[in-house]
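Hey, can you work out the whole structure from these sequences and the hints?
There are 2 protein chains.
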Amino acid sequence: MKSDIDQLMFNNNVDALLVTGPAQHNPYMTYLTGGGHLTYADLIKKRGEKPILFYNPMEREEAAKTGLPTKNLSNYHYLELLKESNGDHIKAKAMRYQKMLIEVGLTSGNIIIYGNADAGESFAIFSELQNLMPKLILQGESSNAMLLQAMATKDNHEIQRMRKMGTITTEVVGLVADFLTSQQVKDDVLVTSDDKPITIGDVKNKINLWLAERGAENPEGTIFAIGHDAGIPHSSGNPQDYLRLGKTIVFDIFPCEAGGGYFYDFTRTWCLGYAPDEAISLYEDVHAVYQQVMNELHLNKRCEIYQDRTCDLFEARGHQTIRSNPNTLEGYVHSLGHGLGLHIHEKPWFGRSASDKDILAPGVVVTIEPGLYYPERNLGCRLEDTVWVKPDGKMEILSQYPLDLVLPMKRK
Amino acid sequence: MKSDIDQLMFNNNVDALLVTGPAQHNPYMTYLTGGGHLTYADLIKKRGEKPILFYNPMEREEAAKTGLPTKNLSNYHYLELLKESNGDHIKAKAMRYQKMLIEVGLTSGNIIIYGNADAGESFAIFSELQNLMPKLILQGESSNAMLLQAMATKDNHEIQRMRKMGTITTEVVGLVADFLTSQQVKDDVLVTSDDKPITIGDVKNKINLWLAERGAENPEGTIFAIGHDAGIPHSSGNPQDYLRLGKTIVFDIFPCEAGGGYFYDFTRTWCLGYAPDEAISLYEDVHAVYQQVMNELHLNKRCEIYQDRTCDLFEARGHQTIRSNPNTLEGYVHSLGHGLGLHIHEKPWFGRSASDKDILAPGVVVTIEPGLYYPERNLGCRLEDTVWVKPDGKMEILSQYPLDLVLPMKRK
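Protein chains in written order, with our numbering: chain A, 1 to 412; chain B, 1 to 412.
Treat the hints with care, since some could be wrong.
Identical chains share a label here; the pair holds if one copy fits it or two copies do between them.
As the list claims (entries may be wrong) - Once the Cα atoms are required to be at most 20 Å apart in a straight line, the calculated DMTMM-like pairs of lysine to aspartate or glutamate come out as:
| # | residue 1 | residue 2 |
| --- | --- | --- |
| 1 | K357 | D308 |
| 2 | K83 | E304 |
| 3 | K394 | D155 |
| 4 | K164 | D202 |
| 5 | K83 | D285 |
| 6 | K83 | D356 |
| 7 | K83 | E141 |
| 8 | K357 | D88 |
| 9 | K206 | E171 |
| 10 | K206 | E257 |
| 11 | K65 | E376 |
| 12 | K83 | D308 |
| 13 | K65 | D241 |
| 14 | K196 | D241 |
The hints are simulated quantities; they were obtained by calculation from the structure and are not laboratory data.
This one's a predicted model, so the numbers in the text were calculated from it and none came from an experiment.
Given below as structure tokens:
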């Protein structure tokens, strides 16, 4: 939780955090500022102190809304720095950081840098800054970033927001199910009343619309993949594809609050009208593993053990897994889930990034999403729900929705 | 244009580009791959050769859809590299880049890095890679990035897509105008039929909905700011604010194709019902400068001269400008416009980032957006259209919409 940050900084011998970029769609900045329409800002948080927000003067009122102490970036006279550095923006930006850091009293110590930015520009600016301030130790982190450790556990306000996103998500999923099953069928293909085949593109447009109506957006798109594409875990589905009865559809939807806030993540696998035997058999294996793993989730256990357990269970049912064959494209080919919050993927990790800090701690929110994939047989199945590990150790799916495979068509 | 990249690389003595990150909402990667649902990828383009796309095996079919030569990231055995580096993901990622670069024959020369990523992680990984491969010169660029130079000039297909976004944008603006002027008024405040005041939040929800219906999204939000907020150029407007007659409303809308494609950018200033004299006077100054500058735009002229010209014109009308007073918060406080494309702001630049390469070259698309701001007087006005510099040198606003200040209310 946010209140853990100073302790985490102390434990990791970190003197300050430097966060850069916009306040929207930029999880670390959103987390520390609360969001808002800041197209570019910098933030410096010293250990034990409130973060200081450096804002563009055009955005001074948006910056003030955060309630943080603020400083105006124009105080550092960028144009003069640009002249001094002969028009080199990289050097001028590094010099501006130097002035900002000196002003807040940071001339030595460990600083971790965060925030969405251009990879090359960041490399160049912070290399230059490191040269300018050799007593600072500038660092960057990967998937086990310290700040992710704080973000992994959610407070009640965050849970409320995620639960609301869950409600929106399952409402929209229900609307999609209603829409599909209300259509007419011609030669096993869903068609409109004037005989026009309905496409995956049509369905996705409706999803975007229904999400927007509810104050949500889906910046990462939606997976709605049928047949062969359902057998490729991250195929988003071909917008031109028709909707055919009896084919597995993997529908994975992961919207966030409009403006780039908290995510929800949810998957169902559907067969319209009826399911062929091999789809039912695949579904039953996934469903059984989903139920088993859900029942076994336990407070403070390591996430990795559930990935192992899932491999055990699938292997016992005769499927290959990425554990039994790391290069397999068939069977169980991904990790069981991931933490969820302002990032669509964050700590705790279940897969290869997992460490002993990735546990089902009180307050974490994780997805549980076992799946099986057989692209050559045009088959795929995944079931996913988002689970909150409550402070009392109970597990709660943040928004319930039936797990059914077959969606019966309403018109005969 | 994309076809200029090799020549630009030659002129700048660049041997390769390395682009990282997702293919959506990541302009450089979108530009070189055409987009698609790739949540993480790397791309290496050597001068004179096609880009090679390195994909996550779960996304192999999405990668194949790009039509580029591809390589599977799992060929580089990340888990082994992670073991070798004692669990340090930064080192393991640098070692993976090293293997990828060696495989494509890049062991020396100048490489420019691009792509959305975490600033700190990028700094750390590429610093490590630079240590591992000292004969390479890894570079990053700022606002005058070489690839931005190619992206500045659009081909006909890109113009088509931007024009379509323009049509969607002005359609939605028209719907907003209709919605507002159809409401009832009570004590100068817009109210619904059951006397509930309409808020800016309500209007923004409708905008998101109408955009989604048309296959667009607005990842950066919308500016819809009334009264005092209209006087702050980048205040996005307070969602709780009511809509009052006779107050200036700055409505700046900048949506993009769903999934993170081409943007459009458009602003009108409205007064509902009537406009007070001081709003009319402000509007007339902005309108006159808008018309004058639009008329003076000329093929291959430097963009900077129009910023200067705008300052001349506003100063002649008695306003402060950022040229006459760099710290002013009143008058004309921003630059005249910017290039537009896969970025909401890109080359050519009109403001402080402008160089002699920022010209109205054939094929560029720019915004022209003069404005005046008086927050203490609760007044602001900006008019903005998106202009295509056609290959024949003619200027074309990509989607026309009336410039009117006053929107008469339909009910009396």
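Next item on the list: Could you tell me which of the numbered hints above are not met by this structure, giving the numbers in increasing order?
Entry: 5
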